[in-house]
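Engineer: Listed here are the chains, written in short residue letters.
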Amino acid sequence: MPEIRVTPLGAGQDVGRSCILVSIAGKNVMLDCGMHMGFNDDRRFPDFSYITRNGRLTDFLDCVIISHFHLDHCGALPYFSEMVGYDGPIYMTHPTQAICPILLEDYRKIAVDKKGEANFFTSQMIKDCMKKVVAVHLHQTVQVDDELEIKAYYAGHVLGAAMFQIKVGSESVVYTGDYNMTPDRHLGAAWIDKCRPNLLITESTYATTIRDSKRCRERDFLKKVHEAVERGGKVLIPVFALGRAQELCILLETFWERMNLKAPIYFSTGLTEKANHYYKLFITWTNQKIRKTFVQRNMFEFKHIKAFDRAFADNPGPMVVFATPGMLHAGQSLQIFRKWAGNEKNMVIMPGYCVQGTVGHKILSGQRKLEMEGRQVLEVKMQVEYMSFSAHADAKGIMQLVGQAEPESVLLVHGEAKKMEFLKQKIEQEFRVNCYMPANGETVTLPTSPSIPVGISLGLLKREMAQGLLPDAKKPRLLHGTLIMKDSNFRLVSSEQALKELGLAEHQLRFTCRVHLHDPRKEQETAMRVYSHLKSVLKDHCVQHLPDGSVTVESILIQAAAHSEDPGTKVLLVSWTYQDEELGSYLTSLLKKGLPQASS
Amino acid sequence: MMPLTSCRMKHLTDTSHGVRNKCLQLLGNLGSLEKSVTKDGEGLAVRDVQKIIGDYFSDQDPRVRTAAIKAMLQLHERGLKLHQAIYNQACKLLSDDYEQVRSAAVQLIWVVSQLYPESIVPIPSSNEEIRLVDDAFGKICHMVSDGSWVVRVQAAKLLGSMEQVSSHFLEQTLDKKLMSDLRRKRTAHERAKELYSSGEFSSGRKWGDDAPKEEIDTGAVNLIESGACGAFVHGLEDEMYEVRIAAVEALCMLAQSSPSFAEKCLDFLVDMFNDEIEEVRLQSIHTMRKISNNITLREDQLDTVLAVLEDSSRDIREALHELLCCTNVSTKEGIHLALVELLKNLTKYPTDRDSIWKCLKFLGSRHPTLVLPLVPELLSTHPFFDTAEPDMDDPAYIAVLVLIFNAAKTCPTMPALFSDHTFRHYAYLRDSLSHLVPALRLPGRKLVSSAVSPSIAPHEDPSHQFLQQSLERVYSLQHLDPQGTQELLEFTIRDLQRLGELQSELAGVADFSATYLRCQLLLIKALQEKLWNVAAPLYLKQSDLASAAAKQIMEETYKMEFMYSGVENKQVVIIHHMRLQAKALQLIVTARTTRGVDPLFGMCEKFLQEVDFFQRCFIADLPHLQDSFVDKLLDLMPRLMTSKPVEVVKILQTMLRQSTFLHLPLPEQIHKASATIIEPAGESDNPLRFTSGLVVALDVDATLEHVQDPQSTVKVQVLYPDGQAQMIHPKPADFRNPGPGRHRLITQVYLSHTAWTEPCQVEVRLLLAYNSNSRIPKSPWIEGGEVSPQVETSIEGTIPFSKSVKVYIMPKPARR
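Protein sequence lines, in the order shown, are assigned to chains A and B. All residue numbers for the first sequence refer to the numbering used here, where the first residue is 1 and numbers rise by one. All residue numbers for the second sequence refer to the numbering used here, where the first residue is 1001 and numbers rise by one.
Any given hint might turn out to be false.
[Said to hold, decoys possible] Restricting the straight-line Cα-Cα distance to at most 30 Å, the calculated cross-link-like pairs of lysine-lysine (DSBU-like) are:
| no. | chain 1 | residue 1 | chain 2 | residue 2 |
| --- | --- | --- | --- | --- |
| 1 | A | K592 | A | K535 |
| 2 | A | K362 | A | K223 |
| 3 | B | K1812 | A | K223 |
| 4 | B | K1177 | A | K194 |
It is worth saying that the hints were derived from the structure and are not from the lab. This structure is a prediction, so every number in the text was calculated from the model and none was measured.
With the hints as constraints, model all of the structure from the sequences given.
Structural biologist: Take a look at the structure:
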């Protein structure tokens, strides 16, 4: 029984460490290879020993696909390819390929230089890993091998984010990665055609949320920032270096320009400049507005936003700072947060999702006293605001995508179990498809019934066409031919051709049947009666009465003979070849009913 | 007909999609003919056609499916009533794989919903029923989140015209969550069990409120597909601006018909003012203006609206000013805010002055009670101290005064708050900007205001009468002595010009008549020249005046013909007649000044052809031209054809003298085309420097009034100091149409020249191009191609119709 098997190594009923194994028609594909932000031990990377304990990973995986450059989707890649060992192809889009190494290097620096971790991947490993990457274009069908093909669709979310369709023969799986169904200031909306995959693996971060209009959110955000700046406060916006940061920058930049505000806006880390460069470059991946106007002015060339220096944090007066990382779990954003937390004039705006265990999650949950490293207790007096700018699809968007792709079943990953449960119900209710939500390490098996293509010989097809009317999509039609299976391909040819090809002689197969009739008359008369009866019933067939006393209907022969024991009973011998089976069996059943009483 | 049908029926089953396609098209076009043929079985035949077409809704080829739907729409357009059964078929097609099918299906559903709005349709998988129009509305809403933007645009557009839809369905389009009243419990028992509110989804605005809520009900039936919720929320934040514009338009139409909806959609519209694409912003401002009767802006909304005033696009700012003209503001802070923002706008973009003043005029007159408490602050008066008198020429101060005076018109207590200089300023503004400042009943100034106001209304009539009378006088005095005629014409022209300046609504007529009279005057003057009496050798010098007159008449006639909109055929005849006279004059003058006969032959020939052409073009109008030049000319035509040029000239000369002055009937509506160049302003002292041989782009912004078809007629001319002239054809997209009769040209002109030693000024002006062929009424035989090429009178030329603006430029030599 053909089947599709899916096992999440990460992101199963969880956010972070996305890594999903899919086996489809004998091919094994790994979707994403991310790290987990909530852990600092071995749990931060997926458990690759699940795939194989001692063999090379390359032998078990046909390809690896990375949906976008966020670390929870690509963070474990160098570890996986260089330290565990994988030499097969890694697929990602061009922007992802360009930006991914920057983020990985940044991640490495924090882990190794700041936290002093040993046994971590090195810069060289990142470089080696990126050499294995094959970049794909949107909507380009890439043939991984003879049977496995993949195709990327636009996903919004961040620059270069893509959804991937993995297809073997007629079976297919779509993996969405992270996606966004509403366009924002710099990216468009995710889009997929009606590809009707067997399985849609979708993220479900906002499974229970239906967001208001994005414009309300923008207005609220600007208003809050504006108010804080007006009263002389400092605003901290923790973001991940790429993605939301750019959107919010565009938003603030245009607002500052319009309102003619003077308070400085800073953006931390030099990383951004490098990344911004790519944003300017990959214009085709951005939204309509930016694509249309970049000739006059590239929206990513900011006038008001300057690079941040650590010393600026102590400057008096209002300012807005974008700092990384976005969940306040480490790095610069946490440092600034500690400095500013004590002043109630200041404000921190969390523009996105925070994983449990991070400082961001704690303050959003209302905690006002935080225990920091070294038993310090930090009292949070500053305003804490949450604003869902995160570019994930909300429940409505997920449903919309499911509606667009029309999958046979849906599998939820990248979300919290409880919320998934809720969405699962909604999907099953609305679309009447099966919905799964496996936990990490749990395997979902989906039986599939792939259609098998069979080639038909032209001669046979033409003969059939000549016989009947037009093919009608709604009605099944009977067709005689021979199915030849050879080297795993199937052909349908006429029987003569099959005999010829296989070098076989034709065998005749005849069915004979005796029908007892109670008729006291002579054989000839019985034959005559049978003839006239059949003539009247089978109007569109050729019924003949031969001189030797037998009756033929097409090629079916009927002979009447007297019963050896009972002269009152006649035996009708009906004989037909197997090609005429249909007519033959019909005739016998007709004759078995007996002849009508003669009128004479 | 029947054989045709059967023939079509046969081809409908053809294997080629193209054949089936065309057959369906044919059915759509001829469908109702069968109705008239088979009168007895009318209903049957009609249904048959629909059924036949309906069968192809499930064809295997998407192109055929589209054609089938289109054919059905075609039947509807041709007046056939579609059957309601089609609705269900069309609904199935909404989930088709192909966008063109879906797009057409949306249209079909809309058509059916308009035909049978009140029919009841069942909701699948339940025994609930709703109105068809509501159901269709829900379905089309669903298509606003379709995968293809073509379908989205189509759906969003159609939503706007579904006014019969129930209000709770309408309101659902603004909320993405399914509202509880669009769900029905299956059983009354369950219904009694709980009352539930908005929905089970969280809004994502607060952290932590997205924990899954309790499953509310599984047995409930959705009256509307949950995918259809928030159609406008989706439409307004779509990634394609085409969809957003369509959504804004639809919102406008629905809001116009439902005040409660207008109130609700206001927030969404206001948010659209921040859209990234200018067209969308502009469209939403226009929309808001259209529904402004139904709404009152809150302060925070006003804040967003006013922020747009800083937009760098003039279109947007002006649209916004117009919006503010008819907006209701709820608080005095709102008014203050609006004023402050408008003044900010004024300092940033001084060219917006008139528009802003006008805006404040309406703002003041709409909100007198809100302005009242602001007056002391606005005029910066103090209860005890006198404050400095503000500068009277400051546009910002004038703006404030316009607001206050207009408010004071309906608020009699306000003048008490004015200080002395305010009254003086009032008097000044009342005179200088009378269209902005109303007459006020001021204490102690009663006489002035009451004397002015009643005299305004009937003022218009006498001036019109005056115009008529002065023209009558000219026309009636045919046989005055030459001197007297000339004087009368001169006075009348002067009167008319002055009248045109005073009464803007009569300017067109006055100018038009004055131009005509000037032509006549020139003609008379030319004929009075001494040259006709002196001997040939002497008049070489004197003929200058006559030929110049002829030339000028020609120019003036072209102006009359092409610069005025609303010129009718009867005026065109007169104008052409005048031109013919000018040509005759030209001929005579040349005949007298040139020696030798040879060149005359050609000229005579040409002139006679012109006469012939005139006759052919205006044959219908000839009876009106009794006693005129051409009338007499045509009488003598046979003789002229055969006589020598010298004789022809002689005859013409006498006829010109004898011919009477034709009466020019005044058209109903006539407006002179005019243009004002707003940019470049021509005041800059800093030359525009650029490297010679390269180009520099000059932004040109001009308003055009009463120009027909500006895309093809308006040109920009650049005159360089060396006399070189350059003509630029602006792109059709550079013309905007902000209102009837008004156009705006915003374009870029590329200048280039060789290096100069000094900066110098170039002149930029607008030209109106004309082509004399365009106005001539086409007779059938002309269209038949009988006109020989040499009589082709298509004279192309240009008329400058704007003041020229000087631009200081400096092409520098290129550095090596």
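Engineer: Now tell me, hint by hint, if it's right for this structure.
Structural biologist: Here is what the structure says about each hint:
1. K592/A with K535/A: holds, 16 Å
2. K362/A with K223/A: holds, 25 Å
3. K1812/B with K223/A: violated, 49 Å
4. K1177/B with K194/A: holds, 25 Å
In this structure, only the earlier hint numbered 3 is contradicted, and the remaining ones agree with it.
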